[in-house]
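**Q** Chains A and B supply the protein sequences, listed in that same order. Under this note's numbering, residues 348 to 648 are what the first sequence spells out, in order. Under this note's numbering, residues 37 to 404 are what the second sequence spells out, in order.
Treat the hints with caution; some may be incorrect.
Said to hold, decoys possible - Derived PhoX-like pairs: lysine-lysine, alpha-carbon spacing no greater than 25 Å straight-line:
1) K203/B with K444/A
2) K203/B with K642/A
3) K377/B with K367/B
4) K203/B with K143/B
5) K109/B with K642/A
Read the hints as simulated data drawn from the structure, not as lab findings.
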Amino acid sequence: MNAANRLTPYLFLAPAAIIMVIALLYPLGYMVYGSFRDWNPAQALSETEFVGLRNYIYLWNEAAFRESLGVTLKFAFFCVAFELILGVGLALLLDRKLRGMSILRTLFILPMMIAPVVVGLMWRYMYHPTVGTFNRWLEAIGIDGIDWLGRKALMSVIIADIWQWTPFIFILALAALQSLPRSALEAARIDGATPWQLIWHIKLPLMMPVLIVTALLRLIDAFKVLEVILVMTEGGPGLSTEIVALRISRTAVEFRELGVAAAMSNYLLILLMILTIGMFAFTRLQELRATRAAKIIQQEG
Amino acid sequence: MSKIRLENLTKRYGVVEVLHGINLDMAPDEFTVLVGPSGCGKSTTLRMIAGLESVSSGEIYVDDTPVSHLDPKDRDLAMVFQDYALYPHMDVARNISFALRLQKRPKAEIAAKVREVADLVGLTDFLSRKPGELSGGQRQRVAMARALAKDSSIFLFDEPLSNLDAKLRGQMRAELALMSQRVRKNMIYVTHDQIEAMTLADRIVVMEGGHIQQQGTPEELFKRPANRFVAGFIGSPPMNFLNGTLTETPTGLAVQGDGFAITLPEWAGRDLASSASREITLGIRPSDLRFDPEAPEGAGFDLNVRVSEYIGAQSVLLCDCGSVSFTVEVKSETPIALGEKLRFGCQAEALHLFDKTSGQAVLNNKHP
């Protein structure tokens with residue numbers, strides 16, 4: 348009876364676990380296996396030749412892949428940096444009781460709810476060199492249009508991503524702000540802190556744990572971005588916006604190099620794993636600190 | 037050294053007025069305690085003095101200068117909060133020195149000040165700990181040290197002891213009393229606990245429903261409560277109240293009610309002679325009664341003892357007087373038996389009379 352009771356939860360978890368193995372672990376293993384082989388789409392995986400680390404070494408030395416990795420890093424860094432500054436800034440501004448604030452907040456998070464493909468299309472139209480919204484505005488005030496999706500393509504896709512994902516950081520930052528201990532903020536005001544000092548010395552340090560996790564989540568997402576850029580620029584012009592995810596799909600579909608594409612996916616996976624492990628390590632560290640503090644108090648009890 | 041004066045201080049939230057024109061004068065270096073039940077407006081008053089709540093109308097004066105338009109930081113005050121309000125990400129030393137660091141004082145001066153106040157509250161060994169690693173009592177000390185380090189002329193306390201357990205609360209109360217003697221400053225202390233109010237205050241301000249009910253020294257409030265609310269709020273166990281009628285008897289003016297008849301002393305009778313047959317509430321403190329089977333007619337109560345609560349040297353008897361419950365505090369060696377009707381005597385000086393409808397005192401303890 349008791350043993351059965353203990354096994355029940357595992358029984359309930361089993362369907363989910365089976366789906367995970369079929370839909371996640373199996374393709375992942377397939378990909379890792381394939382990355383060590385010279386593989387084109389006409390072959391079954393078993394007919395392919397084992398080439399060891401050749402795909403990885405090849406990629407390491409390939410200029411286009413490095414370029415693509417550089418674009419991805421640049422894209423992720425600038426997106427997350429600006430989203431953090433804007434999201435936290437907005438949260439600090441809107442963390443107050445004003446009439447109509449709830450409507451305003453809802454409006455702010457709308458971009459996040461739009462499908463990426465739609466976001467890509469929308470911005471592509473707005474960026475259009477002659478009929479796009481931006482250049483028509485610019486021309487209306489007598490400034491030459493900007494070559495948004497040409498020479499400024501990376502900046503343009505970064506702006507679109509910032510537009511879509513700042514709300515995510517805004518929501519989390521606002522939630523963090525509103526859960527700050529109110530009396531500590533009041534104590535700081537009495538201690539003589541100006542509004543800026545309050546933000547700098549109290550609010551930001553106390554929000555930091557949430558912000559770090561949020562930033563890591565956004566970084567992970569930014570490394571995987573695909574649809575918006577695919578729709579807006581298809582990676583061009585040249586390689587200027589070809590992020591790794593796009594390069595992987597082109598390598599597999601256009602260049603018919605499945606083994607190389609798999610190796611590339613693994614590089615990206617490793618990068619994301621490092622970020623994810625970093626995030627877990629950070630939250631674990633926080634928990635450890637809390638239990639250590641509790642233990643100290645108990646011992647002195 | 038500063039004098040604080042509240043003039044017609046009013047607080048409204050929308051259309052709801054929660055504080056109805058508070059007038060209060062606090063002498064320099066006085067320890068003032070605002071006391072009252074939850075929702076009486078005491079915390080709101082304190083937070084308005086601190087500048088954390090806006091003033092709807094009226095004015096706060098510090099040394100005759102109006103301050104209600106100033107930010108909290110410009111009011112030269114320090115505050116200790118109920119939940120301590122420590123900065124969780126700073127260690128004890130940085131918590132204590134936060135205000136000084138904002139003022140950009142020299143490093144050596146800050147370090148010396150931190151050592152001084154940490155020593156004063158007994159935190160010297162904990163300066164590098166974070167608040168999360170301290171017990172409730174230690175956190176309360178940090179909050180106190182932080183307020184002390186600021187060297188402000190006004191000290192505000194918002195129920196600082198109510199998050200502590202009973203034993204620690206008693207200990208901290210004593211330390212606070214000691215500290216307030218050493219550090220002479222204007223202190224304003226908010227509490228719902230009348231024992232804290234009685235033990236700490238130079239002046240107690242009893243509030244209820246957004247009004248000041250009475251203010252004065254602890255002794256004044258205990259001996260001469262201005263109305264039935266104050267009489268019932270100050271003192272533990274609380275005062276007994278019995279409804280009755282003023283009646284002329286051959287021995288003088290008396291209060292008669294359900295199961296009792298008490299003759300008033302002659303001087304009281306003189307004062308109240310015109311109000312005969314008026315409805316009245318008689319108040320008497322549990323400690324003003326003695327077990328006395330021989331108590332004469334008109335100077336004692338026949339009480340039915342239901343429960344005896346033994347609390348050491350004293351016992352509290354829960355009794356019935358007619359149909360009203362009645363508390364008596366007696367020495368524990370008093371021979372009493374539960375369920376019996378016993379006679380308790382009282383001194384005429386211990387009687388309080390309140391108007392039955394308005395609750396205002398019409399005759400108080402040790403009237404001249």
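**Q** Please work out if K203/B and K642/A have their alpha carbons no farther apart than 25 Å.
**A** Since the Cα atoms of K203/B and K642/A sit roughly 22 Å apart, the hinted pair holds (cutoff 25 Å).
**Q** Given the proposed pairing of K203/B with K444/A, does the C-alpha separation stay at or below 25 Å?
**A** Violated: K203/B and K444/A sit about 40 Å apart, past 25 Å.
**Q** Is K109/B within 25 Å of K642/A, Cα to Cα?
**A** Answer violated: K109/B to K642/A is near 37 Å, above 25 Å.
**Q** Is the Cα-Cα distance between K203/B and K143/B 25 Å or less?
**A** violated (38 Å)
**Q** Take a quick look at whether K377/B and K367/B sit within 25 Å of each other, Cα to Cα.
**A** Holds, at roughly 18 Å.
Violated hints for the displayed structure, listed by number in ascending order: 1, 4 and 5.
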